[in-house]
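Trainee: Note that the protein sequences, when read in sequence, are chains A and B.
Counted the way UniProt numbering counts, the first sequence spans residues 1 to 564.
Counted the way UniProt numbering counts, the second sequence spans residues 1 to 564.
Honestly, the hints are just simulated from the structure, not real lab data.
Careful: at least some of the hints might be erroneous.
Which copy is meant is left open, because identical chains are indistinguishable; a pair holds if it fits in one copy or across any two.
Claimed, not checked - Once the Cα atoms are required to be at most 25 Å apart in a straight line, the calculated DSS-like pairs of lysine-lysine come out as:
hint	residue 1	residue 2
1	Lys-13	Lys-401
2	Lys-386	Lys-23
3	Lys-511	Lys-401
4	Lys-364	Lys-48
Number of protein chains: 2
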Amino acid sequence: MPFQPTPPSVPPKNATLSLRQPKGLPVHVQPLNPLQFILRAAEIYPDKLALVHPDVKDPVFYSFAVWCQRIQNLAYALIQAGIKPGDRVAVIAPNSPLIADAHHGVLAAQAVLCLINTRLKPAEVAYILDHSGSSIILVDHEYVHLLPPNLKVPVVVSKDSGRLGDPYEQFLSNGRTYSQERGWPGLEYQADEGFPALLCYTSGTTGRPKGVVTTLRGSYLAAVANAYESRIHRESTYLWILPMFHAGGWTFPWANVFAFATQITLRTVDYPLIWKHFLNSAVTHYCGAPTVQIGIVNDPAAKPLPRPISAIIAGAAPTASLISSLEEIGIQPIHVYGLTQYGPFTRNYAQPSWAALSLQDRSKFMARQGHAFATAQDVRVVYQPKDENDTELVDVPRDGKTVGEIVTRGNIVMKEYFRDPEATTKAFRGGSFNTGDLAVMHPDGAVAVVDRSKDIIISGGENASSLAIEQELASHPDILEVSVVARTHVKWGERPHAFVILKTHSINKWKGRHDAFSKELKAYAKPRLPGFACPEWVDVVPELPKTSTGKILKTDLRRIVAKL
Amino acid sequence: MPFQPTPPSVPPKNATLSLRQPKGLPVHVQPLNPLQFILRAAEIYPDKLALVHPDVKDPVFYSFAVWCQRIQNLAYALIQAGIKPGDRVAVIAPNSPLIADAHHGVLAAQAVLCLINTRLKPAEVAYILDHSGSSIILVDHEYVHLLPPNLKVPVVVSKDSGRLGDPYEQFLSNGRTYSQERGWPGLEYQADEGFPALLCYTSGTTGRPKGVVTTLRGSYLAAVANAYESRIHRESTYLWILPMFHAGGWTFPWANVFAFATQITLRTVDYPLIWKHFLNSAVTHYCGAPTVQIGIVNDPAAKPLPRPISAIIAGAAPTASLISSLEEIGIQPIHVYGLTQYGPFTRNYAQPSWAALSLQDRSKFMARQGHAFATAQDVRVVYQPKDENDTELVDVPRDGKTVGEIVTRGNIVMKEYFRDPEATTKAFRGGSFNTGDLAVMHPDGAVAVVDRSKDIIISGGENASSLAIEQELASHPDILEVSVVARTHVKWGERPHAFVILKTHSINKWKGRHDAFSKELKAYAKPRLPGFACPEWVDVVPELPKTSTGKILKTDLRRIVAKL
Numbered sequence: 001m002p003f004q005p006t007p008p009s010v011p012p013k014n015a016t017l018s019l020r021q022p023k024g025l026p027v028h029v030q031p032l033n034p035l036q037f038i039l040r041a042a043e044i045y046p047d048k049l050a051l052v053h054p055d056v057k058d059p060v061f062y063s064f065a066v067w068c069q070r071i072q073n074l075a076y077a078l079i080q081a082g083i084k085p086g087d088r089v090a091v092i093a094p095n096s097p098l099i100a101d102a103h104h105g106v107l108a109a110q111a112v113l114c115l116i117n118t119r120l121k122p123a124e125v126a127y128i129l130d131h132s133g134s135s136i137i138l139v140d141h142e143y144v145h146l147l148p149p150n151l152k153v154p155v156v157v158s159k160d161s162g163r164l165g166d167p168y169e170q171f172l173s174n175g176r177t178y179s180q181e182r183g184w185p186g187l188e189y190q191a192d193e194g195f196p197a198l199l200c201y202t203s204g205t206t207g208r209p210k211g212v213v214t215t216l217r218g219s220y221l222a223a224v225a226n227a228y229e230s231r232i233h234r235e236s237t238y239l240w241i242l243p244m245f246h247a248g249g250w251t252f253p254w255a256n257v258f259a260f261a262t263q264i265t266l267r268t269v270d271y272p273l274i275w276k277h278f279l280n281s282a283v284t285h286y287c288g289a290p291t292v293q294i295g296i297v298n299d300p301a302a303k304p305l306p307r308p309i310s311a312i313i314a315g316a317a318p319t320a321s322l323i324s325s326l327e328e329i330g331i332q333p334i335h336v337y338g339l340t341q342y343g344p345f346t347r348n349y350a351q352p353s354w355a356a357l358s359l360q361d362r363s364k365f366m367a368r369q370g371h372a373f374a375t376a377q378d379v380r381v382v383y384q385p386k387d388e389n390d391t392e393l394v395d396v397p398r399d400g401k402t403v404g405e406i407v408t409r410g411n412i413v414m415k416e417y418f419r420d421p422e423a424t425t426k427a428f429r430g431g432s433f434n435t436g437d438l439a440v441m442h443p444d445g446a447v448a449v450v451d452r453s454k455d456i457i458i459s460g461g462e463n464a465s466s467l468a469i470e471q472e473l474a475s476h477p478d479i480l481e482v483s484v485v486a487r488t489h490v491k492w493g494e495r496p497h498a499f500v501i502l503k504t505h506s507i508n509k510w511k512g513r514h515d516a517f518s519k520e521l522k523a524y525a526k527p528r529l530p531g532f533a534c535p536e537w538v539d540v541v542p543e544l545p546k547t548s549t550g551k552i553l554k555t556d557l558r559r560i561v562a563k564l
Numbered sequence: 001m002p003f004q005p006t007p008p009s010v011p012p013k014n015a016t017l018s019l020r021q022p023k024g025l026p027v028h029v030q031p032l033n034p035l036q037f038i039l040r041a042a043e044i045y046p047d048k049l050a051l052v053h054p055d056v057k058d059p060v061f062y063s064f065a066v067w068c069q070r071i072q073n074l075a076y077a078l079i080q081a082g083i084k085p086g087d088r089v090a091v092i093a094p095n096s097p098l099i100a101d102a103h104h105g106v107l108a109a110q111a112v113l114c115l116i117n118t119r120l121k122p123a124e125v126a127y128i129l130d131h132s133g134s135s136i137i138l139v140d141h142e143y144v145h146l147l148p149p150n151l152k153v154p155v156v157v158s159k160d161s162g163r164l165g166d167p168y169e170q171f172l173s174n175g176r177t178y179s180q181e182r183g184w185p186g187l188e189y190q191a192d193e194g195f196p197a198l199l200c201y202t203s204g205t206t207g208r209p210k211g212v213v214t215t216l217r218g219s220y221l222a223a224v225a226n227a228y229e230s231r232i233h234r235e236s237t238y239l240w241i242l243p244m245f246h247a248g249g250w251t252f253p254w255a256n257v258f259a260f261a262t263q264i265t266l267r268t269v270d271y272p273l274i275w276k277h278f279l280n281s282a283v284t285h286y287c288g289a290p291t292v293q294i295g296i297v298n299d300p301a302a303k304p305l306p307r308p309i310s311a312i313i314a315g316a317a318p319t320a321s322l323i324s325s326l327e328e329i330g331i332q333p334i335h336v337y338g339l340t341q342y343g344p345f346t347r348n349y350a351q352p353s354w355a356a357l358s359l360q361d362r363s364k365f366m367a368r369q370g371h372a373f374a375t376a377q378d379v380r381v382v383y384q385p386k387d388e389n390d391t392e393l394v395d396v397p398r399d400g401k402t403v404g405e406i407v408t409r410g411n412i413v414m415k416e417y418f419r420d421p422e423a424t425t426k427a428f429r430g431g432s433f434n435t436g437d438l439a440v441m442h443p444d445g446a447v448a449v450v451d452r453s454k455d456i457i458i459s460g461g462e463n464a465s466s467l468a469i470e471q472e473l474a475s476h477p478d479i480l481e482v483s484v485v486a487r488t489h490v491k492w493g494e495r496p497h498a499f500v501i502l503k504t505h506s507i508n509k510w511k512g513r514h515d516a517f518s519k520e521l522k523a524y525a526k527p528r529l530p531g532f533a534c535p536e537w538v539d540v541v542p543e544l545p546k547t548s549t550g551k552i553l554k555t556d557l558r559r560i561v562a563k564l
């Protein structure tokens, strides 16, 4: 039997698609709020496919009209559960309708969406639930075990079925009943565009996670910019590979709706499944960190695409070899840079002059983080503070050499760290957000991240960027992925230690000959890197330790080399 | 000798491209301001061609870096001339660098740009200069005769040469000297995004023109929406056919810069010149009212385009025959709707189901004004007020039949009528902007303008839309353009009177046989229109009276028929 939305998901005929306006607003001022997007989509393209969740036991397919009704039901259900404006609603879910709904429905209840990474440990989840003061938890059935015992707040479990009998569907259904068909005009539009939208916690490899608060205004402007910069339009299909809980899916849960695009949600990063969709589902866009992109291009199913796909890449700079692998099969990389503290904030803008360059040379330019994004504002690289009281921001010269810290300000920057004024003040030193990312400023104004402060290798008194070393080593034809950390050296203070994963077809080639590979790689590095940056040690490993969001855990690698 | 920008137009090396930030702004709030666009373009694409003014005695070609410097020079020159924040700067110019500069440079001086239509009479210009209280006038050399005698404010004349010796160039040069290379950081960024950006006067066929004030916030959001909706990007080339003084060029002077597009300015609407650029200048976008579009497709040089061009059409609905003519040669119409009181506010969004329709049927859908634009908010059709005290807005049913008035609200709507609180209050009846445009609301939520209130023909007690009649008559193969007005009729009260311009190749066909054509057209109308809407009278005329912005002057036509 073909899929049918549950009866409470079907909107009444001629439903009004606007909320009750707050009193006292001037005619020419409408507070910016990404909730507007779904209402507009349901008005203009009610029957267009909005949200597809195909690779599960119970697939679902929602049009904008139906999805919009489900979002309204969610808002009423939350209000019925006692949620008041500003309350936090925690969501623990992989990519699925639940978390997609929540990006709109929680805002419709004027609540704040607290996204929790499904890859965290129960203790971390408990900390975040407690710190955020979440008043209700929406959780996917596979992640119920992450919840602490003795919870004092209500929990709604989704079986991810979209069918009657699923507790989440019952929750939505109750919302519809509770609304008594007051519909959208029964909900009030948030009058303050500075009101919080999301609360996302940093993955925090050191220290406790911090809660990043973003605003409705910032979310709206970031989403519009992402749709524009990635050229997502109504004929686009976006594949959800990046987890939506990761910094609010870089605002793409809203950008796609703004664009009237169709979204396909995948519960897990499953490369054969991704390729199935690339080849059969008219996918045009997806987001992913380089580590995921590496998995995509190296999957056995990878082959030249019939139509180009745009890949938005962030989280780390793509290497030349990755860019080349992507382009070869028709994936067009769009390199952007951001942190949990905001959506994409810079973009690598292609220059006409690059067309004449070799791929190798072009990739070096493409690996730069670039310039401020469409609706972003200032991106600067400034000297790090001399001491605790140093709040003056002084730009480093535009020489592509002097290392400083990236600072940003503007509408896309976070509002604050939740319930942590001290950390907020520190992060906002000098009236800008201090990212902690070390970078140089090139003469053309492009920012290039050299490293996180703690990842720099001080070798013979020289600062070696572990990222720059990784960029060079990654171009070796046998290397799939590489990470470099500092290791103590009696003579030079520190020296680079490289951890390498070989490509599938190269594993046999070097089997039992890792020493030979180590020599080969050092020889490969010699003409490409300054002496102090050449790896002193090379380890071939089957895998690299990663954070729950897919970043390589250099702290773990440092712990390993500390014992050597 | 190839063109060289004047020495003061060349920026210093490593110029800082940001203004002095106002104090006290939170890190996550940057007031929206379209001035940001040119600074960002000059930062990211300094050497890209930004502004081309080719078809004059002294052509000019500016890169973003040079243009940005000229804009800065203009800001300092205005400040040197005594311009303070909020002062009005009047500009009287055809499409040219002067008026393009002013869209950015006046905002950089925190002043308000008062755009004056070059097609007005001197008395109207005098009224606007006086009413706006403009403190300085920048005027193109061809329009100096429009200025009233005994002006008490300074006047800067541009010879539109871009060469030394031109008084406007001297003005810019003085600005550079005056700035003492303080550059952009010597100018303060406007802290209030609700601050006025433009002051444009309605063409006002009846009564005195009213001054429409738009805000920085509204201008920013409208420009971003236009770039997104029209898909203007860095590889785009925009041809300036629409006068920039017409409602601020529908915010495209900013949208194009936001997109990093190249702009080509044409002083006049010259069809052979337009075709020269269509065929040789890689044009991708332009704006124009239907009357201009008719001129374009009927020009002898018209032929199928090697690459498609997007035409943004507003001012009136395109007829089926126009849409077909445009599409045949590769021009893709984007039908939007707005007034001087805001930029484009609705758009006709193509529906998948239209693909199966005949052109004739599809055109009927495409002629609708459609749904709210990307960053616009509410568009409603409401019953007209019962009396002066009636401020309640009641939506008409979505039946595609009941006629009401279009009302709008949101960030793109004007802030107020300048120095006219009474007209502002009246226009903002019920907390929305009352457009005066009569429309129906279709079941799918699409708005379709039926007429301006005064253009409705009350024929035998029925309301006949002059627009609807024109739409049908325009499909006759011999008709280039048609306008229909009410004429008194002894029996029916009013009956439609059609004024027709024949296509060039049809003029001879009907020469001396206008009566026969009149019969033919009435017969053509009969199966297509209800009896009360069929034209009772048909006049073949060589031209139609038009307002300075190219709209047909129905008041003049009504005056003619009143005498018959």
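Trainee: Would you mind marking each hint as holding or not holding in the structure?
Mentor: Status of the hints after comparison with the structure:
1. Lys-13 x Lys-401: between (63 Å within a copy, 18 Å between copies)
2. Lys-386 x Lys-23: Only across copies: Lys-386 and Lys-23 sit 24 Å apart there, 49 Å inside one copy, limit 25 Å.
3. Lys-511 x Lys-401: neither (40 Å within a copy, 78 Å between copies)
4. Lys-364 x Lys-48: Between copies only: 21 Å across chains, 41 Å inside a chain, cut-off 25 Å.
In this structure, only the earlier hint numbered 3 is contradicted, and the remaining ones agree with it.
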